[in-house]
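Protein chains: 4
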Amino acid sequence: MHKKRKIINDPVYGFITVGDPLELEIIAHPYFQRLRRISQMGFAHLVYPGSVHSRFHHSLGAYHLMSNALNELKTKGIEITTAEELGAKIAILLHDIGHGPFSHTLESELIKGISHETISLQLMELLNKKFDGQLKIAIDIFKNQYHKKFLSQLVSGQLDMDRMDYLTRDSFFTGVSEGVIGYDRILKMLTVHNGELMVEEKGIYSIEKFLVARRLMYWQVYLHKTVLGAEMMLIKIVQRARELAAKGEQVFAASPALDFFLKHSQITKEIETNLSLFCNMDDYDVLCSIKNWMTHSDKILSLLCQMLVNRNLLKVKLQVQPFDNSLLATKRKKIATQLAITEEEANYFLITGHATNTTYNPIDERIHILFKDESVKDISEVDNALIQQQLVSAVKKHYICFLKTD
Amino acid sequence: MHKKRKIINDPVYGFITVGDPLELEIIAHPYFQRLRRISQMGFAHLVYPGSVHSRFHHSLGAYHLMSNALNELKTKGIEITTAEELGAKIAILLHDIGHGPFSHTLESELIKGISHETISLQLMELLNKKFDGQLKIAIDIFKNQYHKKFLSQLVSGQLDMDRMDYLTRDSFFTGVSEGVIGYDRILKMLTVHNGELMVEEKGIYSIEKFLVARRLMYWQVYLHKTVLGAEMMLIKIVQRARELAAKGEQVFAASPALDFFLKHSQITKEIETNLSLFCNMDDYDVLCSIKNWMTHSDKILSLLCQMLVNRNLLKVKLQVQPFDNSLLATKRKKIATQLAITEEEANYFLITGHATNTTYNPIDERIHILFKDESVKDISEVDNALIQQQLVSAVKKHYICFLKTD
Amino acid sequence: MHKKRKIINDPVYGFITVGDPLELEIIAHPYFQRLRRISQMGFAHLVYPGSVHSRFHHSLGAYHLMSNALNELKTKGIEITTAEELGAKIAILLHDIGHGPFSHTLESELIKGISHETISLQLMELLNKKFDGQLKIAIDIFKNQYHKKFLSQLVSGQLDMDRMDYLTRDSFFTGVSEGVIGYDRILKMLTVHNGELMVEEKGIYSIEKFLVARRLMYWQVYLHKTVLGAEMMLIKIVQRARELAAKGEQVFAASPALDFFLKHSQITKEIETNLSLFCNMDDYDVLCSIKNWMTHSDKILSLLCQMLVNRNLLKVKLQVQPFDNSLLATKRKKIATQLAITEEEANYFLITGHATNTTYNPIDERIHILFKDESVKDISEVDNALIQQQLVSAVKKHYICFLKTD
Amino acid sequence: MHKKRKIINDPVYGFITVGDPLELEIIAHPYFQRLRRISQMGFAHLVYPGSVHSRFHHSLGAYHLMSNALNELKTKGIEITTAEELGAKIAILLHDIGHGPFSHTLESELIKGISHETISLQLMELLNKKFDGQLKIAIDIFKNQYHKKFLSQLVSGQLDMDRMDYLTRDSFFTGVSEGVIGYDRILKMLTVHNGELMVEEKGIYSIEKFLVARRLMYWQVYLHKTVLGAEMMLIKIVQRARELAAKGEQVFAASPALDFFLKHSQITKEIETNLSLFCNMDDYDVLCSIKNWMTHSDKILSLLCQMLVNRNLLKVKLQVQPFDNSLLATKRKKIATQLAITEEEANYFLITGHATNTTYNPIDERIHILFKDESVKDISEVDNALIQQQLVSAVKKHYICFLKTD
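Residue numbers (this note's numbering), protein chains in the order written: chain A, 1 to 406; chain B, 1 to 406; chain C, 1 to 406; chain D, 1 to 406.
Keep in mind that the hints are not guaranteed to be accurate.
Remember, identical chains collapse to one label, so a pair may be satisfied in a single copy or spanning two.
To be verified - Using 20 Å as the maximum straight-line C-alpha spacing, the simulated DMTMM-like pairs for lysine to aspartate or glutamate come out as follows:
1. 225 / 383
2. 396 / 201
3. 333 / 344
4. 202 / 378
Note that these hints are calculated values from the structure, not bench results.
Build the full structure now, drawing on both the sequences and the hints.
So, in C-alpha cells, the structure goes:
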C-alpha cells in the first residue's frame, strides 16, 4: 500500500500535499486547529473584505513553500537528510502556534512581556514531549541552534518561508495585486553557500521586487489608516476593561480563558502553567466579549465597543513629523467635553504613536547574492542596486487616532 | 466637485465601486456590517481552508454583478430608470440581511418556522422607515411585486446575481477551479423579452456550463461529507443545549442575544419585536458558546462541542439507497455502550437524513433562450441540449453521520 | 555536481522543468524547434486574438502534465520504471511532431492520404536512429504496443495529456474561462487498475466537467463560424493554387518546400524520402505565399488571398438541417454573376459541409471509474450520470460558407 | 435599436468592448489587421514560449485601458468631450501602426533614418483622408499638439496606456509574474491638474511598483541574453543579404515588398510614396526569407540563417565594463579560422554594443504627484522616495555576442 497523504485545496498554490504521519498528527492537534480561529490579518478586512484568511491557512502555506524550497535545494545538490527535512517543515508549520487572539495587535497587551515566539517555543516543547521527542530537530532549527544555519534561515530570516507566504497570501486575499511577489522564482534562485542561504545572481531583480512589494504592503495594507485605527481601538478596549476590573467593577469576558488573562495581566512567570488555558483563547473570545460590552454600563467601554463592532472608527492621520502638542491638547479637551469625561479618559479616544518600517534592514540579517565566480555581495551592494542606503534606514511615520468632534 | 464614491478591493472582481450615497449609508449601517461576522460557507473551511469569506463580501459581490448586468441591459436598449437601478442594487445588497449565525445550517433550528428571506424583508421594511421610504422599489423588487419582472429575476431566479456571485466567489475562495463559471460572459448574454429575463442564443453553452458547475459545487463542496458532518454536529449542539435548558439545567450562551433565542425557540410571532436582538447575533456568539460548553458538565454537550471545535468530527457516508434500519440499530447500541448513555441519547451521535439537488429545476423557474428569430425555448429543449430530462429530476442522496466506535 | 536542467516560464503552469539530457536534446532538435512556427489554433486568433500560441508550447505543456501524472501514479504505488517514464514523456513530447503548416486544416489537403500521426511516427523512427535507439519505448508507447497499456492511454485516449493540455492552454490563451478544466485535480484522481488508466470515484464530477468544457470549446471556439470560414478559405486557396499549377499557369509558393508539396500532391508513397523537406515547412511558408498571391493574375486566387489576409471573410451559417439545394444554386449563380466567373468556379466562394462532435464517444475509448469496492463503471453508467445516451451520440451541424453578394 | 458594438475576448482584461463605428472601421482596415502579423516581442518567445502575442492585441489592449482611463477621469469631473474621447482612443489604437517587421529590432535597419512613429503619423494622415478628416483630433493628440496636454500624455508619456498595456500583457504572456503592475489601481489614481496628467498622493506606492516592474522586465525579459543574441543575428542577416545584393549576388527575399526594401535601403525620402508597399511587409516575409536563405550559397548568410531558425544562437555576455579589445581580437581570429572567412567577415559572428535603461528618466517627462493640499511633487522627491538619484541616471551594460569556437 502507498503512504496515506492529505491533499488540501488552496486557492493560492492549487494544492498543498501533506505526506508525513507526524505532520498530519500535528495538524490534527487542537493547538494547531486553534489557528483556524485566529485571523491572519486582524482588522484588515475592514478595508479589504477578502482578507479574512486564518493563521491556520498561512501556516499550511508556509509549510508548502518549505517543502518546495527544500526540494529545490536538494536538486542543486545541497545535502538535507530526511530528518532535517521533516524538522524544517515542522518548524515552519509551528512558527505561529504561539499567537494569541488578534496576533500582533494584542501581543504586547494581553500577556505582557512575552512574545509569541516564546510561547510558540513552549508549545513546541510541549508537543515534543507528547510526540516522544520527534520535534527535537524542529525545535533546534526554530531556535537557530541547528548546525545547518540555512535551515533556520528558511524559517526565520530575510527570505524565510513565513514572509514568502504571508506576502503572497495577503496580497491574494486582499486583492492588492501589487503585493504579488515571484515566490516560485525566488525559491528556484535560492542556494546554500558556506552553510548560509543565498540567492543566485540571476535572482537579483526578483529579490528587489520582493522588497519593494513588502514595502508597498506595509504602508498600503498593514498600516492602512483604517486598519491602524481599529487596532488601536482594540487595544484601548482591553485596557479599559482591565482598568475597570482593577477598580473592582464588573467586567466579564465572554469566555473563562479570556476572563482569566484579562484579570491576570502580569502572568509572565506562570505562562508555562497556563499554556492550555492560553490555547483556549482565540479571536472569538475577544470579539464576543466586545459585542457583549457594547451595552456595558461604563460609557467609555461601551462606546469603544460599539464603534469598533459597527465600524464607526476613530479618524487617523499619518505624517512624517510628530504631531503638535497643542493640537493634541485642543483635541483632547474637545473630546472630553463632548463625551463628558475627564481629559485623562479622553485619551481612550485620542491615541498617538509612530510606526517604522525598513525596506531592507541589514541589521536583522543580510540578503546575500552568490555570483557565478563564487563571490558574495549584499543585495544593497550589487551593481546598480535598487536597494540603497536610504532604503536601508527606517522610515518612521507618526500617527494620531482621534474621535471626530462636532 | 465630483460625487463621492467608494472603491473596494475585491480579489474576485478587482474593484467594486459603490457610488450612490444611499447605498453607502446602507452598507455603513450596523445591520449590514453584521454580515462581516457571518461566514458565507459555514464549516466548509474545515475542508477548504480558504473559504472563510463573509456574507458581507458576497453581498457586495452580488451588488457589483447587478451593476454590471443592469449596464449591459441598458446598452441593449432595455429601459431601466435610475430609481429602478438603485432599487435592484439595494435589493441584491440586502438579499441576505436576514441570515442568522451559520446561515442555512441553523436557519430552521435557531428560530423555528421563519425563513431568512422573511427576516430579510422585515429588516428591509425597517430600513425603509429609517431612510424615509427610499427602499420602496427595492422591496417591491425583492417581493417579486414590481411590474418589471426581470428586475426581480435578477435578484432571485435561475440566473440571479446571488447565484452568479456565490458560485464565482465560493469556487475562488475554496480553490475549486472547476466551479468557475463564465459570469462575465453570461452577463453579456442576458436580455429581456416580454418583460422576462432571457439568454441570447449564443449563451447556451455558457448556461450549460453554469448549471454543471453548480451541480459540481453542490456535491463536491457544499455537501462534502466533512462539511455535512460538522453542520449536523452544530445542529445537535443547539438541540442539546436547548434540551438541557428546558430540563432546567444551567446552560448559558456566551451572549445575551443568543441566550435569549436558545431559550425562546418558539419566537415566530414575536420576531418583529425582537429584530434588533436578532441582529446582535452572529457566528461569534455561537462559536464562543460552543467553546465554553467544551467543559460543560453534560457529557453529551461537552463531547459534541469538543469534537466540533477540535475538528474531530463524526464519520459520514453518502449513498443513493436509504440506510438499513438494523445497521442503524447496531451502530446506535454500540455508541450508547461506548459513551454510557441511553440509546435515545445516542442519536446525538448518529444522524441520518437525505440531501437532494436538481441540476436544473424548471419548477422553480425556467431558463429561457431567446433565438435570433425571436422564438423562445427552454434550456432543456434546445437542439442537442446537455440539460435533459434526467437532470431536471432531483438527485437524492441519503447520509449517515455517526461516531466511530472502537 | 547536480544534473543540468532547464526551467521554462509558462503562463499556464508557472514553470516547466525539463531534466533529462535526452529530452533536452530532442527539444533542441530542428524538427522540434519547427513546432514554434506552427500555430496551435490556426485561425482562431481572428476571433480570439490571444490564441497565437504554438504547437511547441503545447507539446511542452503536455510533457509537463505527463511528468506530473506519472509522479501521481508512482505515489499511488503504480510501478513505472525510469525508462518507461522517459518513454512516456518523450512520446507526448513528440506526439505532434508530424503536424504540417496549419495543422488539421491542411492535414488532408497538403499531403493527401497521410495523417499527421503517421508522419509523427516516421519522424520518431528517424530520431530514434539518430539517438541510438533511445526512443524505442517511446515509439512502442506511441504505437499503443507497449505492454503497460495505461502509458499509451496517457499519450492518446479519452483522458490523455494532449487533451488536458490543449483544453487548458486554449482556454487560457483565448480567454474563454468557461473552457477551464480542473487538470490538476483530474491528474490526482487518475489511477491504474487491471493495467488500464481509470479515474477514482471522487473524480466523477471533475470528469463530467472536463467533458462539458470540451463540448463548449468545440462549438464555441474550435468551430466558431469565423474560424471555420477562414479555414475553408485556406483550403480553397491551396486547391486553387494547385489547379492553376496543374493547368500550367505560373504559381510559385514563397518557399521551395511548399512549392514542392503544392506541385506533388500525391506524395503519399514517397513521404519517407521527403521528410526533411516536409520539416522545412511551417505556417510562415503558407502565409507568405498567400500574401504574395494577393496580386496573382488569377482573380479567384488573388481575391481569396486578399480576403483571408485582410480578414474580410466568407459569411458562415451553421444549422442542424442540411442546406437546401435550391438556396445553394441561387447563391452560386449570384456569386458567379457578381465575380464574372463560371458557376463551377463560384464553388470557391460557396462551400458546404458538416461538422460532428461527440461529447463522450465511448467507441473511441471508454472512461472507466474505479469505485472503492474495486468495481468499475463507465462514466455514462454511474448513478445520476450527467453523460447520458444523448451525449454519447454525435452532434452533427451543417455549415455553409459563402461570399455575400450585393 | 441599440448601437452595434464588438466584444473581444482578452485573456488579460476579460473582454474588450469596441463601440464606435469609426473605431470598428479602423480596426477592420488592412493596415490595422497587418498588426496581427507583427509580433509584440520579437524573439522573446525563444526564451518565454508564451510571448507570441501580436501588436494587434497590444493595440487593442492599450485602447481598452484608454477607455477606462478616460472614464475614470470623467468621473472625477475632468472635462473630456465625446470627440476628444474618440480622438484619444484612436490615437492609442494607431500608435504602433507604423511598426515594420520585427518592430524595434529592424526599425533602424530595414528603413534607415525613419522612426516607426514617423511612419505611424504618415499612415494616420492617410487614414484621415480616407475617413474624411475624422482623425484630426487623434493626430493632434498623437503629435502632442492638442491643447489638452493630458490627452497626449495618456498616449505617450511616463504613464501612458502603451506602457501600462505592454508591461501587463508582456508579463502575462511570458509568465513573468514579477512584471505585474497594478494597472487598474494606477488608472484609478490618475488625475489632471493644470492641464497635466498627475497621480493622486495615495498612488505613490503603485507608481514605484510600476517603475520597478519595468526595470525588472527590461533586464530580465526584453534584454535577456538569448533574446538579445537572436535580435543581433537578425540584424546581421539583413546586413549580409544587403551586402550580397550590393555586390550583385542573387539574394531574393520571399516577398516582393521585402525584396524592394532590402534593395533600397536609402528609401527615406520616398517612404511616403511607398507606404502601401511598406504595409505589405510583416514578420512572415522576413522569417520566410530567412528560412529560404538557410540554403543560400553564401556560407555566412546561410549559417546565420540556420542558426537563427534552429535556435542555435550566438553566445551572449553582459557586463558593466566595456569588453577588452584584445579579447575581441582573439575571438575574431578564432572565428575567422574556424569558419574559413576573413576577420572582417568574422564580425558577422562577433557583435558588441551596449544597452541602457533608466528606471525613471525625468528628462523624458516627469511623474507628478498631486497632494491633497494641491501641492505637486516629482515622484523622486516625495518623502522616503524609492526612486532616487541613482535610479534616475541610466544603467549601461555592455554586451558581446559571439560564435563559440571549439
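Status of the hints after comparison with the structure:
1. 225 / 383: For residue 225 and residue 383, only the inter-copy Cα distance (18 Å) is at most 20 Å; the intra-copy one is 36 Å.
2. 396 / 201: between (32 Å within a copy, 18 Å between copies)
3. 333 / 344: within (10 Å within a copy, 65 Å between copies)
4. 202 / 378: So residue 202 and residue 378 pass the 20 Å test inside one copy only (14 Å; across, 31 Å).
Figure legend: structure checked against the earlier numbered hints; every hint is met.
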